[in-house]
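First residue of the sequence shown? That's 7 in the working numbering, and the numbers climb one at a time after it.
It is worth saying that the hints were derived from the structure and are not from the lab. These figures come from a predicted structure and were not determined experimentally.
In the EDC-like style, the derived pairs of lysine to aspartate or glutamate whose C-alpha atoms are separated by at most 16 Å in a straight line are:
{"id": "1", "residue 1": "Lys156", "residue 2": "Glu378"}
{"id": "2", "residue 1": "Lys370", "residue 2": "Glu359"}
{"id": "3", "residue 1": "Lys82", "residue 2": "Asp104"}
The following label-pair restraints were derived from C-beta to C-beta distances:
{"id": "4", "residue 1": "Glu69", "residue 2": "Gly291", "range": "43 to 49 Å"}
{"id": "5", "residue 1": "Gln277", "residue 2": "Phe76", "range": "50 to 56 Å"}
{"id": "6", "residue 1": "Glu181", "residue 2": "His137", "range": "52 to 58 Å"}
{"id": "7", "residue 1": "Phe110", "residue 2": "Asn368", "range": "43 to 49 Å"}
All C-beta atoms in this analysis are idealised placements derived from N, C-alpha and C, irrespective of residue type, glycine included.
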Amino acid sequence: MVLFDCLLLNLMTYAVIISTSFYFYLRYRYTFWQRQGCPVPLEPHIIYGHTKEVTKMKTWVGEHYASIYFNTNGYKFVGFYQFQKPKLMLRDLNIIKDVFTKEFSTFPNRGIVFDDKLEPLTGNLLTLEGHKWKVLRNKLTPAFTIGKIKNMIDLIDGRAQEMVRILEAPAVIDEQVEFKELLARFSTDVISIVAFGFETNSLANPDAEFRKVGRMLFSTSIESIIRNALNALAPSLIGLLKVRSIKKEYADFFYNVVNDTVRYREENNIQRNDFLDLLMKIKRGQNLASEEESKLVLNENEGKEDFKFTMDVLAAQCFVWFIGGYETSSITLTFTFFELAQNPEVQMRAQDEIDSVLIKHNGKLTYEILQEMTYLDMIVSG
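Produce the complete structure using the sequences and hints provided.
Below you can see the structure in the form of structure tokens.
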């Protein structure tokens with residue numbers, strides 16, 4: 007009995023020592039920012055850090071960051087913790103500007119965790135880091151020059167004319183139109199013709215396959231909620247658990263669309279003034295960047311493995327073009343039309359400007375002519 011009591015006492019002693027040591031270890035981890043001279047205005051939870059509400063799914067990640075931001079007024083920057091991992095939030099515009107410009111080489115990565123081996127479509131300019139990102143950026147930047155964009159204006163104008171035609175019928179009978187859905191279809195058609203080089207006809211056919219896949223990509227699911235939470239709270243688990251960001255059936259659809267289009271163009275020697283055409287030139291080894299820019303990147307990455315512009319990389323850039331332009335464009339246009347409907351005097355002034363500029367140029371729309379529509383630019387940009 008005495009032996010048992012001694013054993014129990016020893017176990018309790020060890021448990022207290024381990025628990026106390028672990029507690030003080032955690033407390034020490036939460037002094038990281040103080041040791042760097044960085045303020046931490048909000049008291050971290052001993053286990054969750056500042057992510058308790060997100061972990062318990064009582065709030066979403068965007069609200070979590072907004073809460074930290076709005077509860078730290080008066081600070082230019084603040085430290086906080088995702089569990090025990092230290093994070094820094096910048097609140098001063100001048101510091102943010104320095105990070106994006108002068109100090110960009112120190113902060114080049116976005117901290118978005120993806121596995122481009124598991125999901126080739128995620129190996130794009132948005133998610134890649136380090137050497138791969140620098141080389142890819144050097145290859146792709148010339149594809150976004152004003153000259154290249156000018157060549158795509160006619161393609162975009164063609165989709166706009168199609169939308170006008172679609173609106174004529176309900177306008178005649180004074181029928182209401184759900185503009186959010188209409189503009190989502192318009193954005194789908196514009197991006198598909200510019201990025202993928204083919205007609206999806208989403209404006210005329212709301213159930214077109216490309217539109218359905220686009221709609222599903224932006225729908226909320228349990229899988230997307232879990233992945234977003236893991237990305238914010240425990241990004242290392244994403245690779246470990248092989249959590250996909252895109253359902254395989256949608257990823258396969260996009261990849262096959264791009265692959266089939268590229269193969270058809272190569273076999274039939276077809277060239278078009280679109281984004282895919284520029285990517286195909288890069289894939290063939292044509293350097294769109296200037297010699298000086300290319301030398302700079304080569305010098306920075308000397309001795310590192312070359313980053314090959316494969317079919318997987320090409321498809322990934324088409325995919326991010328779609329993801330980046332689809333919802334942002336349609337939502338911006340939706341709110342623009344809503345505000346114009348609420349402010350008829352602004353709508354009338356914008357219409358007068360458009361009419362006068364087009365009359366001056368015989369009704370032809372070009373990139374240069376768009377620059378003359380300054381009031382319209384203020385409406386969309388504002």
